[in-house]
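Visitor: Taking the hints into account, I'd like the entire structure generated from these sequences.
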Amino acid sequence: MKIKIKFEIKGNEGSANKTYTKTFIQVNEKSTNDNLMKFAAAYLSLVNGKDNKIAYSIYKANEEEIYSGSVN
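1 is the number of the first residue of the sequence shown in my numbering; add one for each residue after it.
Distance condition first, Cα-Cα at most 30 Å in a straight line; then the derived BS3-like pairs of lysine-lysine:
| id | residue 1 | residue 2 |
| --- | --- | --- |
| 1 | Lys30 | Lys4 |
| 2 | Lys18 | Lys60 |
| 3 | Lys50 | Lys22 |
| 4 | Lys38 | Lys6 |
| 5 | Lys6 | Lys18 |
| 6 | Lys4 | Lys53 |
| 7 | Lys60 | Lys6 |
| 8 | Lys4 | Lys38 |
Pair ranges (Cβ atoms, derived):
| id | residue 1 | residue 2 | range |
| --- | --- | --- | --- |
| 9 | Leu46 | Tyr67 | 16 to 24 Å |
| 10 | Lys2 | Lys38 | 12 to 20 Å |
| 11 | Ser70 | Thr23 | 14 to 22 Å |
| 12 | Gly11 | Ser45 | 15 to 23 Å |
| 13 | Ser70 | Val27 | 20 to 28 Å |
| 14 | Gly49 | Glu29 | 26 to 34 Å |
Read the hints as simulated data drawn from the structure, not as lab findings.
All C-beta atoms in this analysis are idealised placements derived from N, C-alpha and C, irrespective of residue type, glycine included.
Guide: Structure (structure tokens):
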């Protein structure tokens, strides 16, 4: 299964927000939504080096949204 994580890093005061998309192509078909949410949170914690707020959405390959949330 293929999933996409689309995320926006909220800039600190005076800096612009930045939007990114990361695609993962070898995701286990049997993964639950809870597993995917934990995976996304773990991946985004690696990306977030400055403790910015990150809003994100997880999509299946057909653009069906699985989950939206945010991490600090």
